[in-house]
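Assemble the whole structure, with the sequences as input and the hints as a guide.
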Amino acid sequence: MAATLPSELSKVDPADAWAAWSPGSGTPWDRKWAAHLFRRAAFGATTAELDKTLADGFALTLARLLNGEPDAAARWEVLAETGRYYKDATQVRAWWLYSMLEGGHPLREKLTLFWHNHFATSLNKVRSPRLMFEQNATLRTHALGRFRPFLLAMSRDPAMLVWLDSNRNVKGAPNENYAREVMELFSLGVGNYTEKDVRAAARAFTGWHHDPEVKAFEYNAGLHDDGPKTLLGVTGALGGDDAVRIACDQPACGRFLAGKLYAFLVSETPPPEGLLDPLAERFRASDYDIAALVKTMLGSRLFFSDHAYRKRVKWPVEYALGALRGLVPGRLPPSDLVEPLSKMGQSLFAPPNVKGWRTGTDWLNSATLLARNNFAEAVAMGSWSKGGSRPTNGLPDAAEVATAEAVVEADIPAPLAPVERIPPQSVPTRGPGGAAVAGPAAVLTAEVAGSAAKPPPAPPPPAPPADRDVLAVVFAGKPATVPAVVRAMGVALFGDAPPPAAAKKIEAYLLDGKKAPAANEMNAPAFRHRAREALHAMMCLPEYQLS
Amino acid sequence: MHNRRDFLSRTLGGSSLLAVGSVVPGFVARTAAAADDAKAKSKDTILVVVELSGGNDGLNTVIPYGDDLYHKARPTLALRKKQVLALDDFHGLHPRMGELKKMYDDKSLAVVQGVGYPNPDRSHFESLDVWQQADPKRGQASGWLARTIPGLPVREAGVPGLYLGENRLPVAFQGADGGAISLADRKSFRLQLTGPDDSKKARKSLIESLNADGGAAGDLAGFVRKRQLQTYTSLQRIEEALKETGTGPDEERRNNQSGGGVEQATLADKLNLIAKLVNKGLGTRLYYAAADGFDTHSRQAESQADLLGQVSQAIGGMFGTLKSGGNDDRVVVMTYSEFGRRVKENGSRGTDHGAAACMFVAGPKVAGGIVGKHPSLSDLTDGDLAYHTDFRRVYATLLDGWLGVESRGVLGDGFEHLPLLKPKA
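So the sequence lines, in the order shown, correspond to chains H and C.
So for the first sequence, this note's numbering puts the first residue at 1; every next one is plus one.
So for the second sequence, this note's numbering puts the first residue at 1; every next one is plus one.
Don't take each hint at face value.
To be verified - Stretch-level coverage of chain H by chain C, calculated; a stretch enters the list once three of its residues show a Cβ under 8 angstroms from a Cβ in chain C:
no.	stretch
1	114-123
2	310-320
3	503-510
4	532-539
Quick caveat, the hints were computed from the structure, so don't treat them as lab data.
Built from N, CA and C at the ideal position, the CB exists for glycine as well.
Written out as structure tokens, the structure is:
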């Protein structure tokens, strides 16, 4: 086995690519590679998480990502009990974002997002947040499970049945909507079936309906066409179960799914011929064990190489949650992310069509890139969330309580009823950064002296509340010089120092024409504001747009 | 978390479930040096492409009401002689398309019959790609409008292609490399910067400078840098143009609602904005707008009637606005859909995916009339209408004859023109 993989992807031996990685001299288990893993296998990491993972080592970290936190099941129980009661798209979106952040199993949530895009179903047609929640729970159940039962479950999923007109699919008048997508988009990909197969599959799925109340799957035997059909070379009185089985029996199924997961977890550069073959074969031989495939990918030499590093464009959800986890000390309501995400082109539960979102460089056009710029600015300035800026008298705001309670129906068990506000001061902060951030009063006393000659510059905007101040993370290690501040920003954003040429420009920006800041100047509001501005600018760099 | 109370308070936060974006002053657009040029009207021709997504049922759009086979195949969906807007003693337009009927009577609407391509694909996405890449063999990764842009001289605002719709560009514009932009809602189409004015300027320069650094062509990071810079350039140009366009009270209201604006506008709104942009002298020559909902597998009659009514009104309204600015004869509209629908209706009073269908080409400079005969209802292919006119003949006619862009370069082959345009005066 070569010591390092060839720099040309086409020359990489597939066996080497998928061999288990272990930390070495080229790619040590350091902050850069740990941040890489957490961008792909999770939604980024907090400083504290990266510290812990570096201490724990790679093997333990990968195992924890695959298994989730010990209390993930208990957390999910609470989340599931809450999620089903939402009646509004924003609420169910916020609920899922919250689950991603706090569910204790980020890899499973990440894969749930992948499968949501794979089995893309939209609230815009399904209409019911409850059904979308239930589909989401099904996606989560199977996200790291096995694909056959997964595809069968999705073929009976009420939201899916509504989405692809399954109740219109009846004996004598088949509706091909689901039959086509189950092969084109869910299992095989274009070119691996014929129009005749679509018509046969449609007949096989006749009678696979939802009940009249649109709550559950219902097999309508009277409307099922039990005549003989030939699907993908198999002839018989085939039903929906058979259609799922026959689709999964195709070698194309393993290749198709491995290819999609590769683009999501490893690289969006199209893989050269043969690179994915061992993965696809192993995947099929394991009867489509998704967790095993994911583990192989995330633990591979290829994953810890330049062939994977920054070879994907972040999805908007990754961009937004990564910014929060890496930079925002407080835990703020994810409902504030819903609108920015829609502007970045990703409204959860509403992919544009059954093919899912157009990913990769298609995420970035002038409007969506601008939305990322603007979200980054709001994060850097601490203005993205209204969550911390409420009156601080500690009393619950009647309107807020009413809003929170309106979410839950009357039949929710008692423990939910009293909603007690948490005053912003007591919002738990992450990481060791809290002490480094002076409150507004302390900052004001550290005024800069010696700018008497020039007319006084316009005062910078006030510093954001501590729970939203991105500088907490940057100044946690008490950087004493401007280059050290810029380095700390790079580490906070990318897990690595910025490229030297960029670092020089950012340093110059922070110095604002001076040679070096005076001793206390780095605490002054003007410098702090410039630091936030520089952080915003760095979030508009490819190093931050890419994962 | 660990308890639901905690969960609720953190997830939903304050009363503002949807935090309304704080109004941050946009960057100060530089005064256009070419303010005078913008007023001098360009004579450049403009093409507006309207995508009817989902597969519009051509058979119930331009209706062969004189054919018994039509009435047999459509026991519940057929429209009778009394209902249609008759074009002659065989064809009629759908009754909700009054504005288009008027254009037909004015000889400024061409109905192109039996349009399609060989071995039709009945997948929405595959077929949309075929139409938008203009390549049934799927050898092209870029869109046909993107390939049109390099040959298209554009003056003034300098944005050759503009897409009004959801955030991301359609495949037709794919590969346009900043030649086409998506005009999402106007409010968010602004760079937000907090702080004193001089610091805003400095920060924008910093972002531009950081993204100016090299990066190999074809390299992912290089692409992102380029896209970042293009965004600011496009932004400034459109912002200037939009400012000059002026906003009616309706648009004001829509733009004040979250998620509103162009992204969620109706087809009529989109085409009206296009007309206004044209009237204001924006240099864009390719506009693309989509209307969704034509995938009528069930209960087609009502939904398709509403949709066709919207299409007709939108096109009629756009030409009305254009006329008031003296620009109607500069614009041609072309509608298309990824496929027509099966001749025989299904058991859900709907129709499944089909093949050939009609297209509309409209505008004062269009040679009105029915182009080509209605495809035979007795000689079907797999239950679908067989095409007799390749859609690329329509593209080629408009490229060469209307936009002045050599079609062979865009389409990779020569295609015989159709009589769609009035002879040049």
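Here is how each hint holds up against the structure:
no. : hint    : in the structure
1   : 114-123 : violated (count 0)
2   : 310-320 : holds (count 3)
3   : 503-510 : holds (count 3)
4   : 532-539 : holds (count 5)
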